[in-house]
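Using the sequences and the hints given, assemble the complete structure.
Residues per chain are reported as follows:
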Amino acid sequence: MIELAPRHKFGLPIASPVMPAAGAFGYGDTYHDLVDLRVLGALVTNPMSLTPREAARGRRIAIHGEHFVAHTGLPNPGVRRVLQQYRQTWERLPIPVIVHLIATTPAETAQAAERLSGVPNVVGIELGVVDNVTPQRALNLLDAARADGDLPVIVRVPFTGVDALAPLLADHGADALTLTAPPRAVLPASDAPEDSEARRYLRGRLYGPALFPLLLNVLARWCSKLPVPVIACGGIASLQDATACLELGATALQVDALLWRDPLILQRIAEGLAKFETSTISE
Amino acid sequence: MIELAPRHKFGLPIASPVMPAAGAFGYGDTYHDLVDLRVLGALVTNPMSLTPREAARGRRIAIHGEHFVAHTGLPNPGVRRVLQQYRQTWERLPIPVIVHLIATTPAETAQAAERLSGVPNVVGIELGVVDNVTPQRALNLLDAARADGDLPVIVRVPFTGVDALAPLLADHGADALTLTAPPRAVLPASDAPEDSEARRYLRGRLYGPALFPLLLNVLARWCSKLPVPVIACGGIASLQDATACLELGATALQVDALLWRDPLILQRIAEGLAKFETSTISE
Amino acid sequence: MVKQQDAVFRQAYPAPPYWVARFDVANPPAPGAFVLADLGGPLRQALFPATIDADGFTVMLPPHHPATRLLPGATVNVLGPLGQGFRIDGVTRLLLVAEIASLPPLLPLLEAAPAVALVIEAPTRAQLPPPDRFPPAVELTLVTRDGSAGHLGPLESQDPAPANLERVMPRLVELIAWAECACFACPNDRYPALAAIVRAARVQPAPDFAQALVQVPMPCGVGACEVCRTQTRATAQTQGGEKHACIDGPVFDMLLL
Amino acid sequence: MVKQQDAVFRQAYPAPPYWVARFDVANPPAPGAFVLADLGGPLRQALFPATIDADGFTVMLPPHHPATRLLPGATVNVLGPLGQGFRIDGVTRLLLVAEIASLPPLLPLLEAAPAVALVIEAPTRAQLPPPDRFPPAVELTLVTRDGSAGHLGPLESQDPAPANLERVMPRLVELIAWAECACFACPNDRYPALAAIVRAARVQPAPDFAQALVQVPMPCGVGACEVCRTQTRATAQTQGGEKHACIDGPVFDMLLL
Ligand SMILES: Cc1cc2nc3c(=O)[nH]c(=O)nc-3n(C[C@H](O)[C@H](O)[C@H](O)COP(=O)(O)OP(=O)(O)OC[C@H]3O[C@@H](n4cnc5c(N)ncnc54)[C@H](O)[C@@H]3O)c2cc1C
Ligand SMILES: Cc1cc2nc3c(=O)[nH]c(=O)nc-3n(C[C@H](O)[C@H](O)[C@H](O)COP(=O)(O)OP(=O)(O)OC[C@H]3O[C@@H](n4cnc5c(N)ncnc54)[C@H](O)[C@@H]3O)c2cc1C
Ligand SMILES: Cc1cc2nc3c(=O)[nH]c(=O)nc-3n(C[C@H](O)[C@H](O)[C@H](O)COP(=O)(O)O)c2cc1C
Ligand SMILES: Cc1cc2nc3c(=O)[nH]c(=O)nc-3n(C[C@H](O)[C@H](O)[C@H](O)COP(=O)(O)O)c2cc1C
Ligand code: FES
Ligand code: FES
Chain A
70 MIELAPRHKF GLPIASPVMP AAGAFGYGDT YHDLVDLRVL GALVTNPMSL
120 TPREAARGRR IAIHGEHFVA HTGLPNPGVR RVLQQYRQTW ERLPIPVIVH
170 LIATTPAETA QAAERLSGVP NVVGIELGVV DNVTPQRALN LLDAARADGD
220 LPVIVRVPFT GVDALAPLLA DHGADALTLT APPRAVLPAS DAPEDSEARR
270 YLRGRLYGPA LFPLLLNVLA RWCSKLPVPV IACGGIASLQ DATACLELGA
320 TALQVDALLW RDPLILQRIA EGLAKFETST ISE
Chain B
70 MIELAPRHKF GLPIASPVMP AAGAFGYGDT YHDLVDLRVL GALVTNPMSL
120 TPREAARGRR IAIHGEHFVA HTGLPNPGVR RVLQQYRQTW ERLPIPVIVH
170 LIATTPAETA QAAERLSGVP NVVGIELGVV DNVTPQRALN LLDAARADGD
220 LPVIVRVPFT GVDALAPLLA DHGADALTLT APPRAVLPAS DAPEDSEARR
270 YLRGRLYGPA LFPLLLNVLA RWCSKLPVPV IACGGIASLQ DATACLELGA
320 TALQVDALLW RDPLILQRIA EGLAKFETST ISE
Chain C
31 MVKQQDAVFR QAYPAPPYWV ARFDVANPPA PGAFVLADLG GPLRQALFPA
81 TIDADGFTVM LPPHHPATRL LPGATVNVLG PLGQGFRIDG VTRLLLVAEI
131 ASLPPLLPLL EAAPAVALVI EAPTRAQLPP PDRFPPAVEL TLVTRDGSAG
181 HLGPLESQDP APANLERVMP RLVELIAWAE CACFACPNDR YPALAAIVRA
231 ARVQPAPDFA QALVQVPMPC GVGACEVCRT QTRATAQTQG GEKHACIDGP
281 VFDMLLL
Chain D
31 MVKQQDAVFR QAYPAPPYWV ARFDVANPPA PGAFVLADLG GPLRQALFPA
81 TIDADGFTVM LPPHHPATRL LPGATVNVLG PLGQGFRIDG VTRLLLVAEI
131 ASLPPLLPLL EAAPAVALVI EAPTRAQLPP PDRFPPAVEL TLVTRDGSAG
181 HLGPLESQDP APANLERVMP RLVELIAWAE CACFACPNDR YPALAAIVRA
231 ARVQPAPDFA QALVQVPMPC GVGACEVCRT QTRATAQTQG GEKHACIDGP
281 VFDMLLL
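Protein chains in written order, with the numbering used here: chain A, 70 to 352; chain B, 70 to 352; chain C, 31 to 287; chain D, 31 to 287.
One or more of the hints may lead you astray.
[As the list claims (entries may be wrong)] One-sided excerpt, in silico: chain C residues whose CB lies under 7 Å from chain A: (1) P192; (2) C250; (3) V252; (4) A254.
[Unchecked claim] Only some residues are given here: those of chain D computed to face chain B with a beta carbon under 10 Å: (5) Q34; (6) L66; (7) D68; (8) L73; (9) N107; (10) P249; (11) C250; (12) G251; (13) R259; (14) G270; (15) G271.
For the record, the hints were derived by calculation from the structure and aren't laboratory data.
Think of the CB as a built atom: it goes at the ideal place given N, C-alpha and C, for glycine as much as any other residue.
Listed below in structure tokens is the structure:
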């Protein structure tokens with residue numbers, strides 16, 4: 070077993086280092102016809118907030134070569150309705166569930182974390198914070214998530230905030246860090262000159278293979294310096310990519326938007342790593 | 070004319086917003102057979118330091134799909150020998166020269182800036198700072214570059230340091246900012262497991278089309294808030310890309326590694342923008 | 031049940047204003063449903079069938095679509111069939127209304143009912159397909175936005191036409207009154223106005239009388255990515271709120287959009 | 031004078047362990063010089079000629095090189111000819127020494143002198159090309175690192191060979207003594223040891239007696255990017271220091287590397 074929360078009283082053991090990233094895999098049963106969930110370490114759910122959120126208006130996706138920018142607005146029906154709908158699914162899953170929680174305000178975050186604690190098979194919270202969060206605000210959100218619940222808390226750190234936030238959060242009680250959330254990006258969304266500037270440019274997050282060398286840089290700089298496990302995320306697209314992340318010090322990894330194109334990538338990476346591990350041990 | 074240094078006593082007027090990025094175009098005459106320099110706003114030279122620097126040992130480049138990571142070590146023969154070799158070339162160029170200066174220490178930076186001031190046709194300095202520079206150190210380097218010379222100083226801001234450095238430098242006397250230097254990245258450089266970790270991974274800077282949506286995000290966030298002109302740089306690959314940069318508030322732009330593949334891209338962008346401007350004016 | 035399957039690309043040829051591409055596949059999608067094909071690039075692309083048979087389907091695509099550059103015999107991984115297509119069981123009088131660029135997903139319905147009427151709107155005469163492309167039994171109404179052929183568009187305009195031109199609106203109202211079911215494929219922002227015309231032309235239209243194909247990017251096709259969310263209105267019968275175009279659509283009751 | 035030109039791809043076919051690709055071009059590069067071809071991907075790729083004629087050149091590439099996937103007739107933009115190739119004017123006895131993977135740039139020299147000797151080292155027998163591929167006049171010495179064919183390598187090893195095997199070293203020393211010029215194409219890290227052998231085999235070899243093709247990525251080809259910098263030693267005649275492989279090389283005096 071791989072321990073994702075060594076400092077937490079219950080810990081967060083997972084059997085495989087491979088997981089889907091929040092927002093890529095749905096709430097649990099979406100891909101069950103295609104992907105053998107048993108090879109994964111955990112399900113990381115789509116982001117949810119205490120109260121319902123609607124989808125962003127207007128254009129939500131724009132493509133640029135091998136990359137794309139997406140902005141969904143993180144729509145979700147709110148923690149309570151997600152639980153109504155998925156509690157039983159989660160209980161029956163063969164793998165543990167890590168809930169991705171959108172950290173809006175400390176008060177809402179505390180309330181949501183409390184609701185999630187005790188839900189069968191939910192073993193941890195991954196906290197999503199806004200990209201331009203201040204360090205103080207990030208700590209407040211982390212404290213709130215840990216206050217009334219008893220689940221381990223992983224924080225997903227914004228790409229441009231790693232230097233300022235990662236050591237601080239790790240020293241302040243985060244059980245693990247997901248490095249990183251995708252960087253913010255902007256692309257032209259329309260050529261029509263009569264559109265307002267806001268409508269002509271799509272703001273969102275960048276996905277694609279170029280995130281991988283940026284991720285490796287973050288891992289090389291930070292894994293050895295952080296006192297908590299790091300979950301690597303960003304542009305991982307192959308077994309070799311996954312191996313490099315682990316070699317540079319990551320404890321686990323998440324595959325994001327690539328799995329919409331190739332859902333079986335999760336399984337190939339998980340099975341490849343398992344085979345490698347077996348062969349290393351039996352040597 | 071486009072004014073790149075409106076707050077400087079002499080200013081830094083350029084006729085076209087299009088330039089090569091430091092490190093992409095050599096010291097002046099490299100591409101003169103291929104590119105009609107007259108359509109460019111300025112030559113930005115390869116980086117130089119006060120004292121000579123040798124090339125990085127070992128592997129210097131690694132490819133990942135449409136992107137690559139490069140680490141040259143910024144080799145150069147030092148300011149004095151560059152001047153010996155290129156002073157006359159620069160004087161004869163049909164466009165002004167902006168020298169990219171590697172800001173090693175404040176003392177060296179001040180000395181180099183002094184040597185460059187008064188060199189015929191050198192109209193400005195673009196300062197390169199290390200990626201993990203502290204804000205205080207960046208200000209000291211900027212002060213040093215401005216101390217004994219009288220050239221306008223542009224600072225090229227590291228990708229991950231924009232939020233911390235850009236407003237500070239602008240308020241502190243930088244005449245313009247180049248946003249941004251390419252982000253740091255790491256790629257596997259060798260599959261040989263016997264190599265040490267350091268030899269198996271290449272650390273360097275990332276180049277390629279995915280920098281463009283990241284650049285637009287920086288421009289959208291910062292151009293309207295900064296009191297100085299912004300020179301856009303990162304993944305610009307077409308006339309449309311260039312237009313988007315100007316529309317989001319950039320005053321000028323630099324094309325980097327793409328021009329090794331397509332040297333005429335500079336000219337196509339410059340001529341395209343000129344045509345657009347003429348047609349807008351004549352309306 | 032979401033499944034992957036291998037489709038075999040057979041050929042592509044121009045049929046202005048589209049290109050036609052033929053795929054053999056074990057399990058082709060129904061009219062208005064789709065598959066997501068991996069054609070390179072960061073995201074899969076939705077393919078809606080224009081004709082369907084036992085061995086596969088054809089799609090009609092813009093000329094520069096990556097599918098038109100495949101080599102015959104190439105295997106393409108597709109996800110699906112996905113989504114809910116048009117619901118026209120037992121309909122005898124079927125009306126189809128399309129803006130030319132979004133017409134192809136309606137084409138498998140051309141012979142899906144004993145009586146079919148088709149309204150096509152194009153910007154100008156040159157973009158209209160030749161009438162002999164359609165089965166003779168289909169009653170064709172052509173509309174151009176500049177009046178250069180057929181009726182004067184746009185479909186939704188209630189303004190009187192200038193001299194020598196005839197607005198399509200009266201004809202559209204007639205056809206809506208005649209039809210038992212009307213299927214629309216237009217840019218999304220035109221559906222509210224078209225829905226208003228349906229409401230004006232018919233008293234209390236039945237659920238699914240007017241069906242609209244919603245055009246929205248569908249990166250995952252299975253409800254995971256949340257990119258395709260589409261707002262629907264609640265009625266006495268149905269709960270409204272945001273639906274997934276990929277699972278609950280992409281064909282929705284137009285009066286609920 | 032750096033120029034762009036259009037090369038026309040003609041065909042590619044396997045010639046194990048390489049693929050051969052043929053390009054027509056107005057101005058082909060000399061032996062050891064190169065062009066930078068835009069074959070997709072973020073950087074241009076260096077093509078070194080394996081044969082050269084008035085209408086163009088062929089290159090020998092690894093099997094999965096992007097040039098082997100071009101369609102006949104495709105136009106490829108190339109920058110060049112670039113670089114300084116081999117300098118063998120007036121040489122009558124020419125020695126060529128190559129590790130198999132870097133052999134192709136030496137191939138245009140096979141008939142460049144009245145007497146040519148060629149030494150090829152491969153890891154094992156299977157990677158050696160058939161001897162009948164070479165002109166009969168070329169004196170061929172084959173070397174394998176496992177001794178499975180020809181002499182026992184590696185080229186540099188001065189150790190005595192195990193029983194039944196014969197080290198290449200004595201033969202190499204003989205050939206170096208015989209030649210008027212020796213051209214090497216091996217991984218860069220082997221040149222210092224090979225230079226030591228040349229120094230041992232000849233008293234005061236003339237400048238450019240031993241020439242080595244340096245293998246280093248050359249993204250720009252014109253001295254702009256600084257990626258190809260190569261350290262050279264100073265002598266009484268030449269100033270040492272870092273040179274650009276793309277402008278000053280990629281062929282350098284091996285004794286100065
Ligand atoms: C409450 C909340 C919670 C969030 N939670 C998360 C989360 O869990 N995880 C996560 O990763 N993200 C989250 N986000 C989204 C994330 O924080 C965004 O990065 C943020 O909203 C945008 O910040 P910004 O500084 O880029 O732009 P803003 O601060 O919104 O804009 C800066 C300025 O730039 C200008 N501008 C920006 N873009 C353009 C453009 N394209 N064209 C013209 N002008 C432009 C605007 O005029 C504006 O004045 C959250 C956002 C909010 C509001
Ligand atoms: C004096 C100086 C001037 C510079 N000037 C400029 C300039 O003008 N412009 C510019 O843009 N850049 C410049 N640079 C380069 C730039 O500063 C680099 O970003 C910096 O040297 C590397 O910093 P880092 O924090 O990424 O890594 P370091 O601080 O060097 O390394 C951090 C830690 O991570 C580990 N690590 C890092 N990478 C790996 C890996 N791949 N594998 C395993 N472990 C790894 C190392 O063990 C190290 O302990 C300059 C550098 C110097 C020294
Ligand atoms: C904590 C938090 C995190 C958010 N993160 C994202 C995000 O990563 N991606 C996204 O598409 N929207 C995100 N949003 C939502 C948007 O920033 C925005 O608030 C929402 O989309 C409404 O968009 P609109 O005003 O453009 O309709 C986040 C919102 C909150 C409150
Ligand atoms: C101010 C400064 C900036 C530098 N910036 C870069 C850079 O952008 N790219 C690069 O390749 N090397 C850069 N270097 C050099 C390297 O970080 C390193 O010092 C040099 O390559 C020696 O490398 P080595 O120790 O790997 O041989 C910079 C050095 C200095 C002093
Ligand atoms: S396409 Fe992804 S949720 Fe519908
Ligand atoms: S290849 Fe760029 S300097 Fe030599």
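Now the hints, each set against the structure:
Checking P192(C) against chain A: minimum C-beta separation of about 25 Å lies over 7 Å; hint violated. A distance limit of 7 Å between C-beta atoms decides the matter here; for C250(C) the minimum to chain A is near 4 Å, and the interface restraint holds. A cut of 7 Å between beta carbons decides the hint on V252(C): the least distance to chain A is about 5 Å, and the hint holds. Hint status for A254(C): holds, given a least beta-carbon distance of 4 Å to chain A, under 7 Å.
Given the 10 Å rule on beta carbons, the hint for Q34(D) holds: about 7 Å separates it from the nearest Cβ of chain B. This hint holds: L66(D) has a C-beta 8 Å from the nearest C-beta of chain B, less than the 10 Å allowed. Look at D68(D): its Cβ gets to within about 6 Å of chain B, closer than 10 Å, so that hint holds up. The beta carbon of L73(D) comes within 6 Å of a beta carbon in chain B, closer than 10 Å, and the hint placing it at the interface holds.
For N107(D), the interface hint holds, since its Cβ comes within 10 Å of a Cβ in chain B; the closest pair sits about 8 Å apart. With 10 Å as the threshold, the beta carbon of P249(D) comes within range of chain B, its nearest partner Cβ sitting at about 5 Å, so the hint holds. Proximity of C250(D) to chain B holds as hinted, the smallest CB-CB distance being about 4 Å (cut-off 10 Å). With a least beta-carbon distance of about 8 Å to chain B, the hint placing G251(D) at the interface is held under the 10 Å criterion.
Annotation: interface hint on R259(D) holds; nearest CB of chain B at approximately 4 Å, less than 10 Å. Violation of the interface hint for G270(D) is found here, the shortest Cβ-Cβ separation to chain B being roughly 12 Å, above the 10 Å cut-off. The restraint placing G271(D) at the interface with chain B holds, with a minimum CB-CB distance near 8 Å, inside the 10 Å limit.
Violation of the numbered hints given earlier is confined to hints 1, 14; the remaining hints are satisfied by the structure.
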